[in-house]
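With the sequences and hints as input, model every part of the structure.
Chains as they are written, first to last, in our numbering: chain A, 15 to 372; chain B, 15 to 159; chain C, 31 to 411; chain D, 15 to 571.
Among the hints, a few may not be true.
As the list claims (entries may be wrong) - Simulated pairs of lysine to any residue, SDA-like, Cα-Cα distance not exceeding 20 Å:
(1) C/Lys137 / A/Ile275
(2) A/Lys93 / C/Ser308
(3) A/Lys223 / A/Gly161
Note that these hints are calculated values from the structure, not bench results.
One letter stands for each residue in the lines below.
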Amino acid sequence: MNSIVMKQDASTAIRELLAYLLSSGRVDAVLTMRQVPETGSCDLGLITDPSGMVEAEPFLPVMTANAGQALSSISMSGKRIAAVLKPCELRGFTERVKREQGSFDNLLTISSICGGVFPLEKVISGDLEKLVPRYIEKTARAEAPRGLRETCKACEEFVPMNADISVSVTEHGSLMHLHSDRAEEYTEGFEGERIEARADQSHIDRMMKSRSAAKGKLFQSLEKSSGLDGLVDLFGKCVGCHGCSRVCPICYCQHCDFESINFDYNQPYFQESLEARGALRLPPDTILFQLGRLTHMSFSCVGCGMCSDVCPVSIPVAGIFKKTGERTAGLFDYVPGRDSEEPIPVMVFKEEELGDIG
Amino acid sequence: MISDKHDDFTPRITSFLCKWCSYTGADLAGTNRLQYPTSIIPIQVMCSSRVDPVFLIKAFLSGSDGVLMGGCHPGDCHYETGNYHTRRRFAILKEIFDSLGLESDRLKLSWISASEGPKFAQVSNEYTEQIRKMGKNPTRKSVFL
Amino acid sequence: MAAVLPVGSDLSGAMNRFLKTILEKDIVDAVLMPMKVPSGDSFAWIIMSDSSIVDDAEAMAPVMPVQGARALRSLTRKGEGSIRVLALMRPCEIRAAIELSKLGQVKTENLILAAYDCPGAVPMDSFVSDPSSGEDLFRKMLAGEDVSAGEVKPSCTSCVEFSMTDADLHFGHFGLGGTEVLLIPGSPKGMEILEALELPADRETSIWDEAVRKRREKQVASRDAAFEETGENIRGVQGMLNVFADCISCRNCRAACPICYCRLCHFESETAKQDPNSRLDSAVTRGGISLPADRMLFHTGRMTHMSLSCVSCGQCSDACPADIPVAQVFSFVADRTQKAFEYSAGRNDGDPLPLRSFMKSELSGIHEMVSDAEPGGHAHE
Amino acid sequence: MSETGTGKTEMTARVGVYLCECGPNIAGKIDLDKVMADILSESDRYRNVELVIRRYGFLCSGPGKQYLEDEIKENGLTHLVVAACSPRDHDSTFMEVCSRTDLNPYLYRIVNIREQCSWVITDPEEATERAATYIRGSISRVLRQSSLFEKPLEINPDAVVIGGGAAGMEAALALSSDLRRVFLVEKSASLGGGCGITMPQEKAVIEDPNVDIYLETQMSSVIGFLGNFEIGLKSADGKDEEITAGAIILAIGSDYSDPQESGRISFSESDEVHILAEAERTLEAAGDLKLRDGTMPETIAVVHCVGREEQGYCSGVCCSSSLKLAAAIRRLSPETAVTSVYRDLCLPGADGENVLRMARESGVELIRTKGTSLSGMELDLEKMDGTSEKRSFDMIIPAAAIVPAADTVSLAEMLRIPLDEHGFFKEAHRMTDPAGTTTEGVFIAGTAHGPMSVMSSMRFARACAGQVLTRLVPGERIVPEVKVTEILEAYCTGCGNCLDVCVYGAIYADTDRGISVVNEAVCRGCGNCFASCPSGALRTRHFTNEQIFREVDEALR
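As structure tokens, this is what we get:
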């Protein structure tokens, strides 16, 4: 496929591309990770002024919020936006588009083969300075950097699925692959040698190897959380803040049903339940919330890991949801975020399926 | 007859029954005086597709030993296609239970038409027996749910 | 005057026994107290009617994973049952519960609210990562030993409401060398309990009073210092922006807050969401904006909603994945807003919620207050 | 209303619980007095609720209903629970009783302690216990029900018939009366449709003063529901007109497959190849079949089952019409040799054999082949004995398969009704509602429904008419379902889940406000949308989560 050779490092190249898109008026705004040089604090920037690009860090291995979620509403503004998204953010966004929470119409999506991101605490503690350089060299060698999010280590969907432009950085140099007409059209006139090339498959294979191994480990480690007791062990310390659902790119509800009146304790049932059990936990429905949320979104889970990051009591939420999600999606050979045209499994059905049920 | 009052454990099986088929099927079982255990606790819904999987989870976590969902046979839904959605939702729920090592056998989906009174009685009896073998639902006593 | 509860080896154990007794003697039908979760690295609120379960519970938990008032709310929001429940909690939790009762979220008729001299709590994240040393730390705190401020929840180091509140019953142990606990009735309900146990409230409490006074002095000092620092940090818009620079809008602070009782937070509702186009327009005028947007709107807006009832329990900071000193900022602001109405959150003195009432004669100087205000400055001084 | 300590006023409910003995059917098994005692003993579990609980012989009897009515009035009941038989038997009976009082019928519940309790549970004690549980469940559920008010709608008895073929005209005639206008909308310039012969109905329709005929006109838009449709019509000369009607009958007929579709048949414009329907029409009109040069053909071949394999179904009627045509040609011009080339003869019905006999007697040559292909005017016949023979004819008449009419798809979209696997309109239910569709008030007649004979078409037309006649009685009003879904706008995100799962198209996207909107007149209250909404933004009246949760709670005490 048509690709652009990047002379400098990928970040600089993309920074230039984004600046070019803005100054050439092809897009009205750009969504990308930023890092404020002074404070070192990172955030997602929606940048409209090319000069603002200096702060842009398109491939910063940090996810302060799933950009798919952040992009959601502004993508429907009718203005043209170029967004740099990590593969799971793009997939998250795609899932939201299926739920009318976003639109590709005026969007140029730029993604890259993703080496994973660091958990929030590492970002806050200001370790990035040391971490990022090693991260860059290791990922260029298809090796797994230390200290990434658990779900990133175990992520097998690190190659963008439906981006307009995807970036691959390997030992053999850095390439910008143009996957769509929109990509061709927008990059027209942008400096850089055009060649016919694909992302280095052996590089991808080597990454996949370590990812699959890590995933096996992760799922293995979650086995102990199996069964009712295991589940209670795992979620027993949940404080019910529902932060996991608020930062989830799939949980798009503005009101979570599990916070509705339907799930409040009712007298006298609470009393009877108390008599039956001798004791009860307050607030109630910890497990119900987790199971319920699984029924609502597990098949769309993109395993971005935000939920684990924000959990105040460090429950490995992301691992559990990824593990379960792969099975529920697997029932329908569904791959969340693969293609915005692929219908959400629970919204459609086949007359001839699941014959063994019922 | 299965339900034996000397047995100290009569399971509680919350049963969400579609008004148009399974509930009518249950009525027919009655009209034919087909005996089935007291374990079945019928709750009528307009369509099995009305049953949010969360209902089943709630019943399960509230100590229901089994949860039965009765719907029209695929293709015969009074509302055209509701039960196809039911089937998918149920499949997903079972998958979740399995992947978390929860006893997914405590959840059952059964297609029982309005004319299948005997089937309703049979399903009730067999499922009750199955649940009795599994024993009481541990969630009955669990404190940290 | 107070009744005396002898303490054998450990304080917490003695209180456990007390709670077990009142359950056994059917003085109450259930008690609400913390219990270690199965995984052993946290505690949860457990309401228990079976007295044998009390043995596994912990009268005073090292951590505060869920603010007790939220537990009480979940129990009584839809009206309380016929059973009498005694809830043993930290003072800040009792105060939050009293605020919530004013907001109709907690029904106190059948509740007996009991508090104890709180030595502070261990931050959640450090406890989860190392429970055993967290428990050691808390034991030291209970024994009144010095622990480095960094190890304790920041809001606790500057808490001045750590003891006697408007609880029905108070367990005073400061200054008593861990040999005994004073049972101080704070209401007829509390008195009834002592009477039912035939415990005469005949002990005078001067030693304890003194110990509490001393500690309060210390706390007030460190609080003033904290306020000073916070006041400096959040000066002006830039100050706020710096303090909240790492905020990722997860809204955990709101979710953990005992006072934020809304089902659907206004700032998460459609009504508060900016139209995508005007969002982009504002990006254009600024050359760029940060997403998720409206962080300042959320935090300042939340202040207007709840700072008058803020009890400075510090749950917001504990729940913040970005280690933002939310609690420090909010209690700093709350202190100001509450003073402005001579209101003290969590008092049972019949004061109505300031925003539900007014006095014709009040706030005459309000115009000046505003016009004199410099960003983050001390306007009303 | 009662004063509480807080000075706020709280609702107090007076719930009446009435147990029907149903002779021995219930009282013979269940100890009703014990049930009543059990429930009364815990009346304190309901806050601000007073329970009135009684038993009675046969509540469904005349005196029983009167008794219930008086009880409701005398005790000023705010809610009513009747423990008796299956709702299928007497739910409506007791709702009727409520409506004779101030008690809203939707603040009442029937508990089935007969079919699903006394009749199926052997042990009296267990049955008694179970009955108490059911009744408790209903008490706590009825307390969470809310008044619903039926809104009867004026109906428009008129009907629109789309398609002026046999089925369309038949339906129009069956419906038209001085109390009901019928709008017969025909796309082409003349009535008659696809059935090669002139129907006797045509004259009648034209003369019927209550039938308005729109020729060269098509339906361009439709909104509304049973009893109240607004239909936009567009005529060939671009004129727009809007008519209103209570029902729509789709009788748009069908088309014939293109014989050349299958690779096995190819011919050119100039060749004398005319599909069956054309031939029928010409013969009907002219009395004979001439070649283009005006001479009579000496040999004619009628080829059966053309396009059957491609379509994947047997049209069922072409064998018969092919043979009839062949016979007719022989009768009208005996000097013409007619050959019928068939593979399998499909001649269903009592008349089938006669048709075959007539054909034989009239001297039609019948050739059975394994397969037939045509190039130009030469047929290549694969005989059953394996040999093959090439034969040329002066005229070839392929019996092409019956396929959906071109407009089927666009109309289906307009009316939100599904198509079957072959692309014909799909009926609501093949057993229970073969003439109806998923959109109430829209019916299908004739070959728009699939291949069928003219006679069956007219039977379907009458079936549709019957539906309309019973559903839309002039002067009567219809009561739409009230147990429908509503949307809590504050919680709705407009994700469209509910739109996707609703087969009735009862939910619309309000893209401007970014939420979904329910058309209550179309909603049937199945609740599927409800289960598809993670935000809890939908509520199906009378089946709310809260109501169901309370029933579950009670069941699991």
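Evaluation of the provided hints:
| no. | hint | verdict |
| --- | --- | --- |
| 1 | C/Lys137 / A/Ile275 | holds, 17 Å |
| 2 | A/Lys93 / C/Ser308 | holds, 11 Å |
| 3 | A/Lys223 / A/Gly161 | holds, 18 Å |
This entry satisfies every hint, going by the numbered hints stated previously.
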